[in-house]
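Model the placement of chain B on the given structure of chain A, informed by the hints.
Heads up: the protein sequence lines correspond to chains A and B, in order.
Under full-length UniProt numbering, the first residue of the first sequence is numbered 1, with each subsequent residue one higher.
Under full-length UniProt numbering, the first residue of the second sequence is numbered 1, with each subsequent residue one higher.
Think of the hints as simulated: they come from the structure by calculation, not from any bench.
Note: identical chains are not told apart, hence a pair may lie in one copy or across any two.
Here are the computed lysine to any residue pairs in the SDA-like style, where the Cα-Cα straight-line distance is at most 25 angstroms:
(1) K150 - E205
(2) K96 - S134
(3) K229 - R263
(4) K172 - G204
(5) K265 - G227
(6) K357 - Q177
(7) K172 - E205
(8) K172 - R203
(9) K288 - T71
(10) K293 - G227
(11) K133 - Q167
(12) K265 - N225
(13) K124 - E86
(14) K265 - R203
(15) K265 - G204
(16) K265 - H222
(17) K172 - E206
(18) K357 - N178
2 protein chains.
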Amino acid sequence: MASSMKFTDCSPSATVRLFPSARTRFRSSDGAVLFHRLLDRSRPAFPRTFVSRSSASTLPVISASISTQSTAEVIDGKLVAKQIREEITAEVSRMKDAIGVVPGLAVILVGDRKDSATYVRNKKKACESVGIKSFEVNLPEDCTEQEVLKYISDFNDDPSVHGILVQLPLPKHMNEQNILHAVSIEKDVDGFHPLNIGRLAMRGEEPLFVPCTPKGCIELLHRYNIGIKGKRAVVIGRSNIVGTPAALLLQGEDATVSVVHSRTKDPEELTRQADIIISAVGKANMVKGSWIKPGAVIIDVGINPVEDASSPRGYRLVGDVCYEEASKIASAITPVPGGVGPMTIAMLLSNTLTAAKRTHNFQ
Amino acid sequence: MASSMKFTDCSPSATVRLFPSARTRFRSSDGAVLFHRLLDRSRPAFPRTFVSRSSASTLPVISASISTQSTAEVIDGKLVAKQIREEITAEVSRMKDAIGVVPGLAVILVGDRKDSATYVRNKKKACESVGIKSFEVNLPEDCTEQEVLKYISDFNDDPSVHGILVQLPLPKHMNEQNILHAVSIEKDVDGFHPLNIGRLAMRGEEPLFVPCTPKGCIELLHRYNIGIKGKRAVVIGRSNIVGTPAALLLQGEDATVSVVHSRTKDPEELTRQADIIISAVGKANMVKGSWIKPGAVIIDVGINPVEDASSPRGYRLVGDVCYEEASKIASAITPVPGGVGPMTIAMLLSNTLTAAKRTHNFQ
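Only chain A is shown next, with the shape it has when bound in the complex:
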């Protein structure tokens, strides 16, 4: 986001300052959970198809309309992600029993970035936890684009692999587009292929896969019974992997969507009109309380490190939204960490299951 957006730290702690490298996003999905609520699990309410036969449970009904409560409901992504993993586990097991097929996810990691290695390890662990078979390829930083393409081609042809994920970023000497476009559209569980994005944008078309993070955002709204139809929504950020698909998803569910970005002149004015805010810019505490309409629902995708001398690591993670201020004004909000983060991997598992079901025509 650019200069037109105000950017200060709203933390009450004087020791907390922004890293110079605050644009770097932490994508780990299993950081410490700041907030935890015991949710009502008695009522059935899972509207998504992939969980049709699982032991669905429900989360509190939250209204996106004006609320007078002074503390927002916490949208507990870690808990929802756990529920989803349980549902996927049941489905994987049912599929194996019925037709003897185990869904498989291949992850290609190039180079030795520590953060990438962590994400890949987390994905592998998540696969194992639900019974999805994981295939992993680690290639050296200096390998060629052709070598990566060869692995993709092999996985495209391998019937035991239903989803293929290339961990980003790739080394600079490789053409990311060439590599991502080489993944078979039927196995593009990241949903980043332009054909998927196009289908997402078009009425009457269905994408094969919805990108994991925006899918996770919408899933949180669904699971918390937050109505989308007819609501004013503002998406902050227009990246290919979060902002743009999130806006298209919200529009597909009949929200009236505005996209705020680095060139928006008064992002606060427009954001303050929103019933639902999805923020995905990677700027710590950018969205202040003054940006938020009373009773709005906030999905905070940002995971930003800020200095914190009191933490053993020397920093802590915060969202794009100033949580302390927002939680007094919003009706519901995702914490960081423990909000959208855990949902991304859950949706990757969901997409892999979907791919396997589709390939084997298993309902």
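Leaving out everything else, chain B in the frame of chain A:
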């Protein structure tokens, strides 16, 4: 658009009432021109690549900021379309002289709808006027989907055909998606393929073709030097062929875009915030003066018939925007007819030229 949108006729004539079938859109691009201005042709200002070598000319500078003028500048689509056809004529001629290739457009018409036949005839005439070769196939209403697919396949393989257009709507017994997706992506001059829409949506990706009508809208803004970057834009309507790609194009040019549609609760409130309004809903005079911010620029895609006893035809064509009211408030506005309509065919010719140039790697 649905019930939440107010819909009355703002015409001063008491005899003018809406047709019961006002949702039917007239797409003819050569209706009578309501407005005509002699434009300054002295300065070069064509930012689009396809006219890089042609005799570019400029149109008046119009500010989208607040204006005190009581009558909006008329954005003369008929004149701009004529200029573009002249530029294309020059390019077609240059290409023929240089490499002996003549761009070719194939149009497939199924059935005997009078309006469709008119559009196809107009497209053919437009091709002839710029030197593009046109191929036409007329199939009977009761032909099979297979027959249509066979023609598409033949045109896909024919090197003298650079663009393929299937006139819509198709007879009800055919699957429109199957047929549109059969057109080779390199020849999809309508730009309706999801892969093109996806590339339009994604930063860092380029569509092979931009759908003609929204491309025409943006081209009008460019030719009138109306700035888009940083502006608030509202697109009314979210169709696959106009609203959605228009919103994506505006966002790609750094506008802050909101999409208003049938489920929007207060379309007037949001529309009134816009510096640029593109309306594409097909509802006569829906957008009143009260919806418009002083100085806004209005691109009116709607072409709607309203009863008019004084006309020999018994009706006249009006836009989605109440022109009489809007022209007193806006800084610039497209008339109907003579605004966006003529641009659609001009952009089809432009896309066909682009296809031929790309195929033959001709700059």
